[in-house]
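Generate coordinates for the entire structure from the input sequences, incorporating the hints supplied.
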Amino acid sequence: MARLKSIKIQRFRGIREGVIRDFADVNLLIGRNNSGKSTVAEAISLVCSQFGGGDPIGRQLHGLWAEIRRTSPFGQEAFYKQDQTQPIHITVDIGGVTVSLDMPPQAIKSTETPVIRKPWLTEFANHVAVFRPIDGFDQQIENKLWPQILTKRADKSLVRALNEVFGLKVEQLQLLPNNRFLVLFTDFSIPLDVQGDGARAALRCLMMLSSLQGTLFILEEPESHQHPGSLDRFAAAICRQAKEQDVQLLICTQSIECVRAFLKASKEATSEAAVFHLKLDDGLLDATRLTPDAVETLQATGVDVRLLELYA
Amino acid sequence: MTCAFSSFMPDSKRIRLYYEGDDDRNVLEQMKGGGLLAGNVEVAKRRKDCPGREGMVQDLAPFVGIGGRAVALTDLDGNIIESLTKWFQNTLQAALAKEEPPGTINAQERISDRISTFACTSDQHTGHVALIAVGLPEDEEIKSSQIDRFAIDDYLLRLARDPQIYESNPDLCSVPYAGCMKKLMEMVQLLRQNDIPIRNSKRYLHFLRAITNFRPSSAEFAGRLVGKAIDSTGQGRLRELFSPLLEDLQIAIKQLSS
Numbered sequence: 085m086a087r088l089k090s091i092k093i094q095r096f097r098g099i100r101e102g103v104i105r106d107f108a109d110v111n112l113l114i115g116r117n118n119s120g121k122s123t124v125a126e127a128i129s130l131v132c133s134q135f136g137g138g139d140p141i142g143r144q145l146h147g148l149w150a151e152i153r154r155t156s157p158f159g160q161e162a163f164y165k166q167d168q169t170q171p172i173h174i175t176v177d178i179g180g181v182t183v184s185l186d187m188p189p190q191a192i193k194s195t196e197t198p199v200i201r202k203p204w205l206t207e208f209a210n211h212v213a214v215f216r217p218i219d220g221f222d223q224q225i226e227n228k229l230w231p232q233i234l235t236k237r238a239d240k241s242l243v244r245a246l247n248e249v250f251g252l253k254v255e256q257l258q259l260l261p262n263n264r265f266l267v268l269f270t271d272f273s274i275p276l277d278v279q280g281d282g283a284r285a286a287l288r289c290l291m292m293l294s295s296l297q298g299t300l301f302i303l304e305e306p307e308s309h310q311h312p313g314s315l316d317r318f319a320a321a322i323c324r325q326a327k328e329q330d331v332q333l334l335i336c337t338q339s340i341e342c343v344r345a346f347l348k349a350s351k352e353a354t355s356e357a358a359v360f361h362l363k364l365d366d367g368l369l370d371a372t373r374l375t376p377d378a379v380e381t382l383q384a385t386g387v388d389v390r391l392l393e394l395y396a
Numbered sequence: 733m734t735c736a737f738s739s740f741m742p743d744s745k746r747i748r749l750y751y752e753g754d755d756d757r758n759v760l761e762q763m764k765g766g767g768l769l770a771g772n773v774e775v776a777k778r779r780k781d782c783p784g785r786e787g788m789v790q791d792l793a794p795f796v797g798i799g800g801r802a803v804a805l806t807d808l809d810g811n812i813i814e815s816l817t818k819w820f821q822n823t824l825q826a827a828l829a830k831e832e833p834p835g836t837i838n839a840q841e842r843i844s845d846r847i848s849t850f851a852c853t854s855d856q857h858t859g860h861v862a863l864i865a866v867g868l869p870e871d872e873e874i875k876s877s878q879i880d881r882f883a884i885d886d887y888l889l890r891l892a893r894d895p896q897i898y899e900s901n902p903d904l905c906s907v908p909y910a911g912c913m914k915k916l917m918e919m920v921q922l923l924r925q926n927d928i929p930i931r932n933s934k935r936y937l938h939f940l941r942a943i944t945n946f947r948p949s950s951a952e953f954a955g956r957l958v959g960k961a962i963d964s965t966g967q968g969r970l971r972e973l974f975s976p977l978l979e980d981l982q983i984a985i986k987q988l989s990s
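Chains as they are written, first to last, in our numbering: chain L, 85 to 396; chain C, 733 to 990.
No lab work stands behind these hints, which were simulated from the structure alone.
Treat the numbers as computed from the prediction; the structure is a model and nothing was measured.
Ideal Cβ placement from N, Cα and C applies to all residues, glycine included.
Please note that a few of the clues may not be correct.
[To be verified] In silico DSSO-like pairs for lysine-lysine, Cα to Cα no more than 27 angstroms straight-line:
#1 LYS780(C) / LYS351(L)
#2 LYS363(L) / LYS986(C)
#3 LYS327(L) / LYS253(L)
#4 LYS830(C) / LYS348(L)
#5 LYS830(C) / LYS351(L)
#6 LYS89(L) / LYS830(C)
[As the list claims (entries may be wrong)] Listed next, with one range per pair, are the computed distances between beta-carbon atoms:
#7 LYS818(C) / THR182(L): 42 to 50 angstroms
#8 ARG116(L) / ASP880(C): 49 to 57 angstroms
#9 GLU352(L) / ALA951(C): 29 to 37 angstroms
#10 GLU979(C) / ASP377(L): 35 to 43 angstroms
#11 THR823(C) / GLN338(L): 30 to 38 angstroms
#12 THR354(L) / ARG969(C): 57 to 65 angstroms
#13 GLY313(L) / GLN896(C): 32 to 40 angstroms
#14 GLY313(L) / GLY968(C): 52 to 60 angstroms
#15 LYS165(L) / LYS818(C): 34 to 42 angstroms
#16 THR182(L) / ASP845(C): 48 to 56 angstroms
#17 LYS777(C) / PRO261(L): 44 to 52 angstroms
Below is the structure:
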C-alpha cells in the first residue's frame, strides 16, 4: 500500500528547513497561524503535481494553491524570503521511493528511473486531491464526478453517510441534465445548495473522496461549516471510506474538536493516526509527532496540544 | 498580592506542576491563585483513571516526551529521600520507554536534600523533571505529634494549628481554638491508647474536620484552609508556614528555567 512517509522542505515559502517523518494513515497538522501547515500540504502537492495528473475534477494542484495564495506557484514568493539565488528543494518519500522537486530548474528526480516504472507511485502521485472549505460550494464536484459515482454505485453509500452524519432521511441523490443536483426525500426534493453549508460541504467532500483509490487526500480545515456533533460523524464517515479505499489522509486544522473527532474516527476505522504539531522559528520547521494516546493524556491533563510551543 | 517568584523567570516557557491527589491539587491551585507561584507555572490536571503517585508519573511522561518541563511533587511518606528518588527514576524510565518515540533518562542531578532533576531525551526532544519530596520530617511539632508518614498534609496541619489562621477561618472558628486543639489531642491519645496508630497528618486533619463539623471533602478542606490562610496572613508568615516547600519550588523552577 503506497503511503507518504516523510517530507523534507528547504527554502520553500516560510520554511527555510524542515522535516516531517513517520506519516500515518490519518495525519493531523496543527499549530499556530503561519506555522507552516498549508505550506507542507502545498509542498506535497507540488511534488506530486510534477507527475502530470490532476485531482479527480481535473484541477491542477499547483493551481489550487496559487488560487489560495493569489500568486504563481513557482514565482518569487515561493522562495524563502523571496531569495531566488538559492534553490527550493522538496523531497518526499512515498512508499520507500524518494521523489524530489527543485526550483529552479523545475525538474523531478527520483531514486527510481524512470519514475513511471513504479505504477503504484504514479497512481499515488497522480491522484492526490485537495479539499478546501471553499470547495464545499463547488458544483463542479458533482457535475464531473457523478457519472463515475453512479458507475461505482457509490451513490448509495453517500446517501447513507449523509443520513448518518446529519440525521436526515434522504432517499436518493440525483443530478439533472441542467446540472441541478437534487437531494430526494420521500415526498419532496431540494437542490443540494439549498441544504445547510455543513451538509453541502460534507457531501462534496465525500464525493471527492469516493473517487480516490490508493492515494493521498489533503483536507484543509474540514471542521469548517460543521457543528461539533456532526463533525464527529463526518470524521467517522471520512475515515471509514478512506480505509476502504486505501486513501491516506492529511488534515490541516485549527480545531481541537476536529483533532478529537478524527482521532476517535481513525481508531474506530482501525487506521493508524498521528498528530503533528508544527512550529516555525526563524524559518526552521519543528514538527512534534504525537500519538493518539499522548494527545489524549496531554489534553486530559490540561495541555492544549495546539499550543505546545508554550511548553517546549 | 506580590508574586514571590517574579524575579526567577529567565525563560517564559510554562512549567507544569504534577502531584499525587486532589488535596495536593487544591493546595497548589490556592497557592497559584494567591500569587505564591511564578506566573509561568501552571497546575496540571490529573486523569481520574490514573490516581496516586504511579498515575502522576504516567500523566507527566507524555508531557516530558514533548520537551516539556515539569515539577513532580511526591509525598515522602515513610521513605528515605534516596529510595523515593530511585522509585521515581525507575517508574519514569518505564513510562518514557512506552512513549512514541521512546524516551530515556540520560541525566540525573541532586539539587538539594529534597530535590532531584532528571533530563529525559527522545529522538525529538529533551524534557526535564524536578522531583520534590514533600513533607516535614524535620519539623519539631510534627515530630512531637509522633508523625512518621510525611506528606503535604504536614503543611495543612501546621496552618490549622496556627492560632491566627485558625481564628480567621470561618470554617473552623465556630469551635474555639483552645478547645479544638485540646479535643484533637484527646482523640489522638485515646486512639493510641487503644493501639490504633496515628502516623500521618491526614488523620489529625480528619479529626479536626470532625471537631469543627466541616462536612465537605478533605480536598475541599485543604483548598479552603490554604485559601483563607493566604487571605489572612502576610507574605513573610506564609513563607514561614510553607517552608521549605516554597523554597523547594523556587529552586526547582529556577533550575528548570535555566
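Taking the beta carbons of GLU979(C) and ASP377(L), is their distance inside 35 to 43 angstroms? Holds: the Cβ-Cβ distance is about 36 angstroms, inside 35 to 43 angstroms.
Do the beta carbons of GLU352(L) and ALA951(C) sit within 29 to 37 angstroms of each other? holds (36 angstroms)
Satisfaction of the hinted span 32 to 40 angstroms by the C-beta atoms belonging to GLY313(L) and GLN896(C): Taking Cβ atoms as reference, GLY313(L) and GLN896(C) lie about 53 angstroms apart, which means the hint is violated.
Could you see if the CB distance from ARG116(L) to ASP880(C) stays within 49 to 57 angstroms? Check passed, 51 angstroms falls within 49 to 57 angstroms.
Assessment of proposed distance window 57 to 65 angstroms (beta carbons of THR354(L), ARG969(C)): holds (59 angstroms)
Taking the Cβ atom of LYS777(C) and the Cβ atom of PRO261(L), is their distance within the range 44 to 52 angstroms? violated (58 angstroms)
Is 52 to 60 angstroms right for how far apart the beta carbons of GLY313(L) and GLY968(C) are? holds (53 angstroms)
For a C-alpha distance cap of 27 angstroms, please report whether LYS327(L) and LYS253(L) respect it. Holds. LYS327(L) to LYS253(L) sits at ~25 angstroms (cutoff 27 angstroms).
So if I understand the rule, the pair passes when the alpha-carbon distance is 27 angstroms or less; does LYS830(C) with LYS348(L) pass? holds (21 angstroms)
For the pair we were handed, LYS363(L) and LYS986(C), check the Cα-Cα distance against 27 angstroms. Given that 27 angstroms is the threshold and the Cα spacing comes to 25 angstroms, the pair holds.
Is the hinted range of 30 to 38 angstroms satisfied by the C-beta distance from THR823(C) to GLN338(L)? holds (36 angstroms)
Would you mind confirming whether the straight-line C-alpha gap from LYS89(L) to LYS830(C) stays at or under 27 angstroms? holds (22 angstroms)
Figure legend: structure checked against the earlier numbered hints; hints not met, in rising order: 13, 15, 17.
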